[in-house]
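Assemble chain G onto chain V, guided by the hints.
Each protein sequence line maps, in turn, to chains V and G.
Quick note on the working numbering: the first sequence kicks off at 7 and runs consecutively.
Quick note on the working numbering: the second sequence kicks off at 298 and runs consecutively.
Hint data in this document are derived by calculation from the structure and do not stem from the laboratory.
We put the beta carbon where it would ideally sit given N, CA and C, even for glycine.
Do not rely on the hints blindly, as some may be mistaken.
[What the hints assert, rightly or not] Below 35 Å or equal to it, Euclidean Cα-Cα: the simulated DSBU-like pairs (lysine-lysine) are:
1. G:K456 <-> V:K159
2. G:K427 <-> V:K156
3. V:K360 <-> V:K340
[Stated by the list, open to error] Here are some chain G residues the structure puts well away from chain V; computed CB gaps all over 10 Å:
4. F354
5. T451
6. R465
7. I477
8. A512
9. A585
[As the list claims (entries may be wrong)] Partial selection, computed: residues in chain G whose CB lies under 7 Å from chain V:
10. F302
11. G411
12. A556
13. S571
Okay, here's what each chain looks like letter by letter:
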Amino acid sequence: MTTLNRRSLMKAAGAAATLSLVGTAARAEDKIKIGFIFLGPIGDYGWTWAHNKGREAVDAALGDKVETLYVENVAEDASAIPLIRDLANQGCKLIFTCSYGYMEQTLTVAKEFPDVKFEHCTGFKRADNVATYNSKFHEGRAVLGTIAGKMSKSGTLGYLGSYKVPEVVLGVNAFALAAQKQNPAATVKLVLIDSWFDPPKEAAATETLINLGCDIVTTHTDSPGPLQILEQKGLYGFGQGADMSAFAPTAHLTAIEDIWGPYYVQRAQAIVDGTWSSTDTWDGMKEGTVVIAPYNAAVPADVVALADAVQAGYKDGSYDIFTGPIFDQDGNEKVKAGEIMTLEQLASIDWFVKGVESAS
Amino acid sequence: MSPEFIIAAIVTIVGLTTPILLAGLGELVTEKSGVLNLGVEGMMLMGAIAGFAITAFTFNPWLGVLGAAAGGALSSMLFAVLVLQLNSNQVATGLALSIFGTGLSSLIGNAFTGRIVPQFGSIFPAALAKDPIWKLVFGYSPLVYFALAMIPLTAWFLKSTRAGLILRAVGENDHSAHSIGYSVTGVRYAAIAFGGAMAGIGGAYFSMVITPMWAEKMTAGRGWIALALVVFAGWRTGRLLAGAYFFGFLMWLELFAKANGFGNSLPFLQDIPSQVWAAMPYVMTIAALTLISSRGNVGASAPACLGKPFLPST
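Chain V extracted, bound-state conformation (with noise of 0.2 Å):
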């Protein structure tokens, strides 16, 4: 007696899908099947686009080798799942999960499918199947604060957030103590607004930013919403993740542009050639996956200029905006003199620099 459960259906189906193979895997021409899990629709504009955008560099340069798959939509919570375990059950080789909720998620199914490979993007747990990669976006936030710092006339800027994950707080951070090296009185209003794609709540939360004295608000959310909303009112805000600037052709002075594209053709090709190991890989504007869009004609000569020396700085290692002395939002000195704050700091970081006004 066999009883029937789902289980023993999924095993069978299973069977019957690598009978299905067999019959198949004497063309030559089989690829390799690569998975990504994307946070928002591919036509956010923002995050998940841009990272769709290296899933189709991946195509272009391995299209005759790989095949790429994706879900799109899918939530930071256990219902990401099941969908990351249906892409290796379609078999999928090499599993891309493209946001931070998704780590216990992909350790999850990494332990049920030891022959796939995973990485998951802005996390920091690790397997012998999980690498996990991340981008440096922090370096882009430090262009974007020198500008808002030089050009804003109030000295009052917005950060429109998502939730406090290090990578939101590293980016608010960078940002103010950049603004703050051009103009010392600067404060940032922060809020999060527990979405990373809301465009009315996002609208609505820039509006409250202007209305409180932001006269900059930089987004850390995924839609052009607020850009939209400073077009109309006439002030200026930044792109992010993708160049935005054909919604507030005035608004945008720049974006920061997240190129996946190399990295993701660069760890398909380790599973063509057979070598992919698990790493830790966090990269920035040095590698290329950080990139600052064109300046809006409305960025002043010297603004552009001092933009210009924090990119060079970072291409040439000779600047870090996590350079003591650096201190917390209550006074505290977190970073001595000198001293630059280590990777693992940055990973792991919880709190706000001095200047930052946030009620969460």
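Relative to the frame of chain V, chain G by itself:
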């Protein structure tokens, strides 16, 4: 707080309120006819993409709004055929419409991502619309005035017109209405279409007014808040208006409490976790329901036939 600050805050609250007011008013009429349509979120998204697409083709936002109303109404007809013709379960069918509308709008919207469309101009002279004080009255999108005008119109329709009385009769006692010769199914088709059209215009407020762009799922759950709003309002138009602005105020208060930073004059606001803010409209709805039922019949209860299929005995 300066007058400028208060005016700007009110402008933000109006922006947060108008879409749920439009969608909620449509749903109120649908529910008054005895039909519960949980597909508001899907219809709003269908309206949002239809309005955006029509505007992208015609460069005319007024035609876009008509398109949004048509998009919402057409998608509601899918629901109407299923629940009125085939007597399918209203709750399940409404949920299906929400999921379907989300998916279909994303599919259609693929072609419109990243496009820019012309926006509504003000219907008042710029001197009034841009004036720092008078913009409080004249500085909004035409859809805001449309929403506000629809409240008394709908109240008058439901209370004082023959058609409104028939609609309410169908919602309170479908068999009686049927037995004296009214077409229950016909009335409900019309009510569902009105609900769909209003939800569609509410959705268009997102894609054409607040952030004039198309993005998948851009309504971000406002359809569910509109549904809660109808219950909160006890199926009455006046309370719907007050409730919508109350919900809009709560949404604004969350952002204000966060943005105003520490050291402000209302420190207790900052200790409220943001999840509490997000749950607030629903908590308020439960509180209102409790209040209504504990005080007995205060003239605010659900239409008697709400959610029940109409199965004529003959």
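Evaluated hints:
1. G:K456 <-> V:K159: 55 Å, violated
2. G:K427 <-> V:K156: 29 Å, holds
3. V:K360 <-> V:K340: 10 Å, holds
4. F354: Consistent with the label, F354 (chain G) stays out of reach of chain V, its closest Cβ about 19 Å off (over 10 Å).
5. T451: 24 Å, holds
6. R465: Given a closest Cβ separation of 33 Å, the condition holds.
7. I477: Fine: 45 Å to the nearest Cβ keeps I477 (chain G) off the interface.
8. A512: 6 Å, violated
9. A585: Given a closest Cβ separation of 23 Å, the condition holds.
10. F302: With Cβ-Cβ at 6 Å, under 7 Å, it holds.
11. G411: For G411 (chain G), the interface hint holds, since the closest Cβ of chain V sits about 6 Å away, which is under 7 Å.
12. A556: Because about 5 Å separates A556 (chain G) from the closest Cβ in chain V, which is inside the 7 Å limit, the hint holds.
13. S571: 5 Å, holds
Against the hints set out earlier in the document, violations occur for numbers 1 and 8.
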